[in-house]
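Sequences are here, hints too, so could you generate the full structure?
Going down the list, the protein sequences come from chains G, A and V. Going by the UniProt record's numbering, the first residue of the first sequence is number 1, and it counts up by one from there. Going by the UniProt record's numbering, the first residue of the second sequence is number 1, and it counts up by one from there. Going by the UniProt record's numbering, the first residue of the third sequence is number 1, and it counts up by one from there.
Please note: incorrect hints may appear among the correct ones.
Label-pair distances were calculated between CB atoms; the ranges are [what the hints assert, rightly or not]:
1. Met161/A to Pro188/G: 26 to 34 Å
2. Glu145/A to Glu13/G: 50 to 58 Å
3. Arg265/V to Gln272/A: 49 to 57 Å
4. Asn168/V to Gln153/G: 57 to 65 Å
5. Ser52/V to Arg254/G: 29 to 37 Å
6. Glu269/A to Val129/G: 36 to 44 Å
7. Glu145/A to Pro188/G: 18 to 26 Å
8. Pro188/G to Asp119/A: 34 to 42 Å
9. Asn168/V to Glu13/A: 24 to 32 Å
10. Gly84/A to Asn168/V: 51 to 59 Å
Don't read these hints as lab results, they were simulated from the structure. As the structure is a prediction and not an experimental result, all values here were calculated from the model. By construction, the Cβ of each residue, glycine as well, lies at the ideal position given by its N, Cα and C atoms.
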Amino acid sequence: MQTTDTATGSRSERGRQAFTEVMTFDPPPGPAAPDSLLDYVFAEVWTRPVLSRRDRRFVTLACVADSDAEQLLIDHVYAALNSGDLSIVEMRETVLHFAVYAGWPKASRFNIVVDQQWDRIHRERGLPVPAPEPLLPLVTPSDPEERLVRGTQSFKDVNCMPFAPDRNNPYQGAGILNFVFGEMWLRPGLSMKARRLITVACVGFQDAPLPILSHVYAALKSRDVSFEEMDELALQFGAYCGLPKGTYLSQVIREQKGRVVHEWRVEAEQEQS
Amino acid sequence: MQTTDTATGSRSERGRQAFTEVMTFDPPPGPAAPDSLLDYVFAEVWTRPVLSRRDRRFVTLACVADSDAEQLLIDHVYAALNSGDLSIVEMRETVLHFAVYAGWPKASRFNIVVDQQWDRIHRERGLPVPAPEPLLPLVTPSDPEERLVRGTQSFKDVNCMPFAPDRNNPYQGAGILNFVFGEMWLRPGLSMKARRLITVACVGFQDAPLPILSHVYAALKSRDVSFEEMDELALQFGAYCGLPKGTYLSQVIREQKGRVVHEWRVEAEQEQS
Amino acid sequence: MQTTDTATGSRSERGRQAFTEVMTFDPPPGPAAPDSLLDYVFAEVWTRPVLSRRDRRFVTLACVADSDAEQLLIDHVYAALNSGDLSIVEMRETVLHFAVYAGWPKASRFNIVVDQQWDRIHRERGLPVPAPEPLLPLVTPSDPEERLVRGTQSFKDVNCMPFAPDRNNPYQGAGILNFVFGEMWLRPGLSMKARRLITVACVGFQDAPLPILSHVYAALKSRDVSFEEMDELALQFGAYCGLPKGTYLSQVIREQKGRVVHEWRVEAEQEQS
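Here you go:
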């Protein structure tokens with residue numbers, strides 16, 4: 001009993017300390033019931049190894065931007081930029097990537113919050129806000145046919161698949177091949193690993209079974225996210241999106257690990273023979 | 001008592017009859033508790049005037065595609081196509097529009113369901129599935145600068161706003177101006193009114209306050225959706241997305257009606273003077 | 001260090017034991033990272049005092065039905081019925097109440113799962129499935145005018161408000177007054193407290209600011225849910241819907257507690273004078 005109390009006490013302390021480190025400001029005072037959850041998440045999730053604090057931010061930002069809890073979104077955007085874990089370029093690409101995978105309306109609020117917190121950080125430091133990077137020129141081709149060809153290749157590369165969807169379908173052609181894979185995934189400014197973390201979090205809360213499966217698979221198969229990192233992603237995601245979605249994601253991860261291990265074994269055997 | 005039985009009985013009958021008309025197949029048998037809601041939705045929501053059954057389908061398809069209840073999505077896609085209320089071109093554009101406003105992962109499932117139900121309807125009728133319309137040529141310009149100029153104008157037109165966001169921000173430039181307004185909203189195949197109905201439903205369940213406000217405003221201000229139609233949209237939306245989001249949307253509608261009436265009055269006065 | 005290790009070790013044991021008690025079956029084997037979250041939720045959330053296991057089920061069922069993790073929904077419906085914590089009548093009313101507050105499509109799946117698990121439990125016990133309760137007669141009036149009058153009074157009672165919305169608006173009249181408050185909330189078979197728990201969970205994940213505020217307020221003001229129970233509700237909700245929504249709900253609870261305490265003080269002073 002005593003042991004448990006002490007452990008819980010120390011967890012609360014560890015939780016508050018981890019909160020300050022992650023959030024770059026002190027936790028709010030006052031004992032409300034969800035403090036138990038808050039302590040757990042900061043003391044025992046954010047502080048875990050394998051996935052860095054910076055990597056955990058991509059997962060968390062996606063979950064918080066989806067959840068409509070505006071104050072938490074403000075806090076996490078501020079913390080990610082104020083800590084220096086994310087550059088403003090990375091943050092802005094995160095917003096665009098999130099828009100595609102979680103819907104433009106929620107991304108619209110996310111974008112506004114980024115602008116406000118970027119201003120606030122410069123105000124707090126007495127610095128002028130630097131001018132944004134110019135949008136043009138894009139790195140992707142302009143010709144519609146060339147865009148589709150490039151988008152088709154990018155679709156195969158990102159999804160680790162030998163085929164791509166038929167272009168003569170507005171969702172697939174005008175949307176997926178032309179814009180999502182023909183432009184968005186190819187933009188510089190955000191690493192492939194970061195895009196994977198955001199994407200898996202977004203398909204996780206969007207719940208459509210096939211995209212969860214295919215993006216977990218591709219993140220593992222591409223080796224952009226290791227098996228151990230993916231498990232940590234699931235825990236971070238579960239804390240911010242809730243146990244049911246975390247459990248489902250975790251189950252898909254287990255299955256896709258098996259599939260990837262099997263494929264790697266077959267590929268190794270083929271190389272040897 | 002007698003009265004109750006008759007009136008309720010008749011609602012249940014009307015509900016089942018309306019179900020068959022809307023869904024193009026008979027309702028499942030059996031008295032479960034939610035039958036009360038099912039009867040209500042079909043007898044007293046779908047059958048209401050002002051917003052046509054076809055118009056109600058756009059709202060309902062968006063809500064059902066968001067809700068992850070796959071069987072209902074299958075049923076409503078089938079019903080919309082089987083009844084002839086929506087053409088396959090309109091349905092495919094609905095999927096793309098939904099993808100932008102509700103997220104690509106959910107739209108991915110929607111897209112698969114459309115393909116399957118389109119096949120099923122042709123199988124049931126003993127007809128071959130016609131070839132899809134070719135994606136190219138697009139009606140929008142290829143040059144990035146021209147696309148941004150066109151997207152900026154389209155943003156102002158669709159949102160009934162005199163200004164557009166700065167392009168030098170990936171979400172705004174590469175996303176909103178280049179693709180969402182520079183291409184997606186400009187595609188043929190779906191009427192402006194249908195796009196409004198889908199958009200308002202999507203911003204309604206996405207919950208970000210500003211997009212709800214701006215899309216309700218623009219739908220009314222543009223006169224693409226009348227005040228009475230918007231009220232019916234809120235009821236149809238509330239039945240399919242739940243009371244809390246319906247209540248919030250309804251409140252925004254009330255406020256934006258006031259704003260639009262005021263602006264129309266000012267504009268009329270300016271024209272007279 | 002030693003202490004922490006022991007406490008964590010025992011938490012995992014306590015978590016697995018609580019899982020078995022709550023779920024009526026053993027937890028799945030295997031050490032995945034989200035096990036940490038699973039252990040925490042079962043060892044330190046479900047086992048807490050103030051809110052009974054039965055009460056926690058209403059909150060959890062709503063969250064799980066919303067989350068689209070179908071296996072978890074199956075498990076929790078099974079557990080709630082198999083443990084005897086909820087009767088089948090209560091469960092079916094929960095589905096109807098959920099349908100109104102979370103949307104018909106998700107409730108449709110919930111309803112199917114309830115039927116299947118009810119069948120399964122009877123199959124496992126070698127018992128026939130009893131016939132369902134007949135829907136008719138309803139306890140509410142049939143005459144539309146009487147229904148609106150009754151719905152208006154019920155709206156005021158449930159929401160602890162002195163006024164009700166205008167009936168001449170489809171969403172408010174045909175939706176809110178006629179059906180939701182004129183019929184659904186008045187149905188027997190589910191206690192007011194259970195309806196409050198489900199409603200607060202649903203408005204919590206639906207995120208629309210006004211309904212969260214008004215239902216938290218009414219649950220506290222009516223004394224159907226005590227202050228301490230509401231805090232526990234927020235924790236249970238946070239575990240199943242994620243930290244951001246839990247934090248937001250928690251914040252609204254804090255504000256509404258203040259408002260209710262203030263109103264009770266004013267009312268007590270008015271009675272004394």
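Q. Can you list which hints this structure breaks, lowest number first?
A. 10
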